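Residues per chain are reported as follows:
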Amino acid sequence: MNALLLYLLLLKATGTSFSGLTSLPVVRHDLVERYHVLTDRQLNAAVAAGRTAPGPNGLYVVSVGYFVAGVPGACAGCLAAMTPAFIIIVLLRYLGRRAERPRVKSAIQSVTLAAAGLVISATIPLARDAITGPLPMAIAIASFLFLAFTRYATVWVILGAALAGLAASY
Amino acid sequence: MASVSLRRLTLICLRVSNLTFGGGDPTMAALQSELVTRHGWLPPDKYVLVYALARITPGTNILAFCAGAAWQLKGWPGAILAVLAATVPSAIAVVLLTAGYESLQHNAKALAAIAGTLAAAVGMMALSAWQLLRPHMHRRRALRALLLAATSALLSYRFRVSPIVVLGLAALAGFFWRAPEPA
Numbered sequence: 001m002n003a004l005l006l007y008l009l010l011l012k013a014t015g016t017s018f019s020g021l022t023s024l025p026v027v028r029h030d031l032v033e034r035y036h037v038l039t040d041r042q043l044n045a046a047v048a049a050g051r052t053a054p055g056p057n058g059l060y061v062v063s064v065g066y067f068v069a070g071v072p073g074a075c076a077g078c079l080a081a082m083t084p085a086f087i088i089i090v091l092l093r094y095l096g097r098r099a100e101r102p103r104v105k106s107a108i109q110s111v112t113l114a115a116a117g118l119v120i121s122a123t124i125p126l127a128r129d130a131i132t133g134p135l136p137m138a139i140a141i142a143s144f145l146f147l148a149f150t151r152y153a154t155v156w157v158i159l160g161a162a163l164a165g166l167a168a169s170y
Numbered sequence: 001m002a003s004v005s006l007r008r009l010t011l012i013c014l015r016v017s018n019l020t021f022g023g024g025d026p027t028m029a030a031l032q033s034e035l036v037t038r039h040g041w042l043p044p045d046k047y048v049l050v051y052a053l054a055r056i057t058p059g060t061n062i063l064a065f066c067a068g069a070a071w072q073l074k075g076w077p078g079a080i081l082a083v084l085a086a087t088v089p090s091a092i093a094v095v096l097l098t099a100g101y102e103s104l105q106h107n108a109k110a111l112a113a114i115a116g117t118l119a120a121a122v123g124m125m126a127l128s129a130w131q132l133l134r135p136h137m138h139r140r141r142a143l144r145a146l147l148l149a150a151t152s153a154l155l156s157y158r159f160r161v162s163p164i165v166v167l168g169l170a171a172l173a174g175f176f177w178r179a180p181e182p183a
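One line per chain: the protein sequences are B and X, in this order. Following the numbering used here, the numbering of the first sequence begins with 1 at its first residue and continues without gaps. Following the numbering used here, the numbering of the second sequence begins with 1 at its first residue and continues without gaps.
In short, the hints are calculated from the structure, not lab data. Here the structure is a predicted model, which means the values were calculated and not measured. Glycine included, every Cβ here is placed at the ideal spot set by N, Cα and C. Careful, some of the hints might be misleading.
Claimed, not checked - Chain B is faced by these chain X residues, among others (derived, beta-carbon under 10 Å):
(1) L6
(2) P44
(3) L63
(4) F65
(5) C66
(6) A67
(7) V83
(8) L97
(9) H106
(10) L148
(11) F175
(12) R178
Build the full structure now, drawing on both the sequences and the hints.
Structure (structure tokens):
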């Protein structure tokens with residue numbers, strides 16, 4: 001897949017999401033199901049890489065781009081992550097406080113709620129690939145609980161999960 | 001308003017965005033402390049406006065916040081440099097981690113460790129969905145929130161409806177069906 005098409009597909013995902021991993025369902029739909037240039041395992045690894053690195057969580061699309069097309073793909077992913085940010089300038093210039101209107105806020109809130117449902121839908125096939133026994137299941141549940149109820153950085157969860165996987169292999 | 005240096009503004013976005021773990025809210029709080037409290041560059045009312053608009057801008061909220069705040073202070077050059085500074089170093093770290101993952105594909109011990117991280121990523125995705133839902137789980141709003149999320153999951157998973165169509169339908173539903181005000 002060429003970098004321009006990859007950029008446009010990733011931009012479609014980032015430009016229709018409103019935080020973190022909400023672009024994931026569109027990424028999976030296009031790159032895993034439609035074009036078959038990415039596997040569920042790679043998408044899962046991209047999420048882990050994006051969450052391990054410091055900085056914005058949405059940068060997992062850089063890893064997705066790298067998996068699909070190497071360094072040019074990573075650049076396409078990086079550009080796709082950055083491009084929607086500039087929409088705020090249009091909003092500041094022409095909308096200002098009108099964007100706070102109840103109906104507009106309600107529409108955006110509903111899109112975020114729908115995105116939660118879509119993230120669940122996209123997680124199911126990834127879970128089928130990654131949860132292959134009791135230990136991965138325990139790691140997934142422990143990661144959820146640890147991040148939900150403590151303030152430790154994600155990188156510690158990733159390191160702990162890697163160590164647990166390694167220990168289980170001995 | 002204190003005089004703003006483009007170089008210092010860019011360096012603040014570089015440092016805060018790339019060295020703060022925990023996602024958008026802790027990073028925006030750190031930027032508020034730098035831009036509003038410490039340097040006095042951004043008046044509190046403008047910070048609130050940029051913060052609110054960043055939440056409704058598509059894509060990554062923190063990048064939109066950097067673009068909006070820097071545009072208010074230094075125009076387009078400020079916005080472009082702020083977004084580049086907030087993105088590129090972390091993107092390089094992501095590429096290095098991904099390359100490391102690929103190069104370790106044939107090492108059995110590394111694969112066992114990677115399998116652990118993939119399981120953790122599933123937990124993180126489930127958490128991401130929960131974090132999107134949680135603010136709406138008040139007594140009067142929970143039913144609407146659960147209905148919208150469950151319908152979207154069903155349309156996508158069971159009926160294979162494209163995510164873009166699902167999001168469009170949700171926007172339409174939200175425009176006409178507003179959540180009740182909290183009691």
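**OP:** May I ask which of the numbered hints given earlier this structure violates, with the numbers listed in increasing order?
**Re:** Of the numbered hints given earlier, those the structure breaks are 1, 2, 9, listed in rising order.
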